[in-house]
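Please build the complete structure, drawing on both the sequences and the hints.
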Amino acid sequence: MARDTFCSSCGARFADTARYPRTCTACGTQTWATPLPVAVVLLPVIDGA
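To convert, note that position 16 of the sequence shown is 16 in the numbering used here; the numbers rise steadily by one, no gaps.
Don't read these hints as lab results, they were simulated from the structure.
By construction, the Cβ of each residue, glycine as well, lies at the ideal position given by its N, Cα and C atoms.
This list has only true hints and no planted wrong ones.
Each pair of labels, with its calculated beta carbon distance range:
{"no.": "1", "residue 1": "V45", "residue 2": "A15", "range": "47 to 55 Å"}
{"no.": "2", "residue 1": "V40", "residue 2": "A18", "range": "32 to 40 Å"}
{"no.": "3", "residue 1": "S9", "residue 2": "V38", "range": "14 to 22 Å"}
{"no.": "4", "residue 1": "F6", "residue 2": "P44", "range": "41 to 49 Å"}
{"no.": "5", "residue 1": "D4", "residue 2": "V41", "range": "24 to 32 Å"}
{"no.": "6", "residue 1": "A12", "residue 2": "T34", "range": "20 to 28 Å"}
{"no.": "7", "residue 1": "G11", "residue 2": "P37", "range": "19 to 27 Å"}
{"no.": "8", "residue 1": "D16", "residue 2": "I46", "range": "46 to 54 Å"}
{"no.": "9", "residue 1": "A12", "residue 2": "P44", "range": "42 to 50 Å"}
{"no.": "10", "residue 1": "T5", "residue 2": "D47", "range": "49 to 57 Å"}
{"no.": "11", "residue 1": "P37", "residue 2": "A2", "range": "22 to 30 Å"}
{"no.": "12", "residue 1": "V41", "residue 2": "T5", "range": "30 to 38 Å"}
Given below as structure tokens:
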């Protein structure tokens with residue numbers, strides 16, 4: 001069976017499994033081939049320390 005054939009949110013079958021991103025016709029969720037993990041850090045700058 002092909003990878004990402006069903007929506008991970010609602011379980012409905014994708015109509016078009018030939019390309020990414022795949023958009024679920026039942027709930028509208030998009031599935032991407034390779035989601036990249038990302039981290040963001042915001043450090044406060046305190047003057048006079």
